[in-house]
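Please model the complete structure; the sequences and the hints are all you need to start from.
2 protein chains.
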Amino acid sequence: MTDPVTAGLVIIGDEILSGRTQDTNTATIAAWLGDRGIQLREVRVVPDVEAEIVAAVNGLRGRYTYLFTTGGIGPTHDDITAASVAAAFGLPFGRHAEAEARLRAHYGDETLLTPARLSMADMPAGAVLIENPVSGAPGFQIDNVFVMAGVPKIMRAMLDSLEPRLTGGAPVLARTVTCVGKGEGDIAATLEAVLAAHPRIGIGSYPYFRAGGSGVSLVLRGTDEPALAAAAADLADRLRALGADSAVVAISPRSE
Amino acid sequence: MTDPVTAGLVIIGDEILSGRTQDTNTATIAAWLGDRGIQLREVRVVPDVEAEIVAAVNGLRGRYTYLFTTGGIGPTHDDITAASVAAAFGLPFGRHAEAEARLRAHYGDETLLTPARLSMADMPAGAVLIENPVSGAPGFQIDNVFVMAGVPKIMRAMLDSLEPRLTGGAPVLARTVTCVGKGEGDIAATLEAVLAAHPRIGIGSYPYFRAGGSGVSLVLRGTDEPALAAAAADLADRLRALGADSAVVAISPRSE
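Line by line, the protein sequences are chains A and B. Residue numbering for the first sequence follows the working numbering, beginning at 1 and increasing consecutively. Residue numbering for the second sequence follows the working numbering, beginning at 1 and increasing consecutively.
Treat the hints as calculated values from the structure; they're not laboratory data. A couple of the hints might just be wrong.
Repeated chains share a single entry, so a pair holds when one copy, or any two copies, can fit it.
In silico SDA-like pairs for lysine to any residue, Cα to Cα no more than 20 Å straight-line [what the hints assert, rightly or not]:
| hint | residue 1 | residue 2 |
| --- | --- | --- |
| 1 | 153 | 141 |
| 2 | 153 | 106 |
| 3 | 153 | 130 |
| 4 | 182 | 106 |
| 5 | 153 | 22 |
| 6 | 153 | 32 |
| 7 | 182 | 108 |
| 8 | 153 | 6 |
| 9 | 182 | 115 |
See below:
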């Protein structure tokens, strides 16, 4: 077993903390990383305040293989992520020539390239750009920290462009076993028995309550496909023996 | 001006970090707190690992007026929040008599009250219960930390039941000014001028890209209603003078 490849994520923006905006970037990034064998281990949501961004970036970048940030790289007064990341690393902050060239190419007309838009080319010294095929202004990488836009469509495009720069580990595979007719409290001992019998497998237990019936989704995870299949079949058998309706319903190539 | 009333939030669960489950509790809690004049300042999402839960709880509970947690209080092996919160406070962990009584009343039939379900009555010593009108098993409060369920419907019911225990501050009011026809980079200087002219108001700038057109939503926030109204009108006027279509479109009693 090699060491797992891990990641942290810092979501930057008052709009998430006020409840105005529903964050979806966490789920997108988590699934994208999981597909590549990179385990998201921690997320922090912080406001547009430099000291808070610095504390989150410096608190996480040493703990995980990679650290991603989203938000705060636009042209307005509340976009302080780039300056804050420079402060976190103790790096000079200023105009990035290649970023400026990309902005000039994107906007074309000089009158559109306002001082505010040009300020999106201000980055920590030594930043490596992250392409933005949607709206021109690039993100950037410093060391193991990847600074991306907050708008989901732009964030996703930036993330896709990072694929060649990231080294993943063994993908975590998942199978979901459904359980209907028995609740979590009825099957808890069964789950522990399956965990004991299949030590390389983890199980997450997620009750659901829906129109049409409630039940429990049991998500088995592991990196070894035959071991995972055996554990899922064993669990479904044991649940049926308890009197539940149970089946292995989802076989996913990605982390669930 | 009195000190603001603040809150932190710890979201506990591998299912959020794997991307399997889209968290919605953050937005619900943020808006609910904002309505009551309590400002959510930081969120951490951590896995079902005791050391991580302890670190997050102890890292945040001293920084904010209140700390909320969601997730990990069910009956299965991955529900370790209650034991972890006891560890964070250095408190004994064991059966809570009133919680046990509520579970017995909820399940009625002794055969349904399995050892796993009964384990949901294990809490840190001195815990004050949080009612669960949906599924019986209570949450709990220790000091300024409120431990709630992760299932959104149950979490919301627990949150509503907390209203009498929380003391809010001055609610943060919000108005949204729309801007169509000019982008963030065209209006950044105008936003700074409005901030300078209305020092008690904050402005968040949120570009949107939708079928039917893109634009910028400008969310003004403050606790003084006349000052907020004046700033919103001033901003809309200045944007129209720049050639944008602009209007004050949303007047909200709650933080946005």
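Checked hints:
1. 153 to 141: within (19 Å within a copy, 40 Å between copies)
2. 153 to 106: Within one copy only: 18 Å inside, 46 Å across.
3. 153 to 130: within (14 Å within a copy, 39 Å between copies)
4. 182 to 106: between (58 Å within a copy, 16 Å between copies)
5. 153 to 22: both (14 Å within a copy, 17 Å between copies)
6. 153 to 32: This pair counts as within: shortest intra-copy Cα distance 14 Å, inter-copy 28 Å.
7. 182 to 108: Between. Shortest inter-copy distance 16 Å satisfies the 20 Å Cα cut-off; intra-copy 63 Å does not.
8. 153 to 6: neither (24 Å within a copy, 32 Å between copies)
9. 182 to 115: Close across copies (15 Å), not inside one copy (62 Å); limit 20 Å.
Hint 8 alone, counting from the list given before, is not met by this structure.
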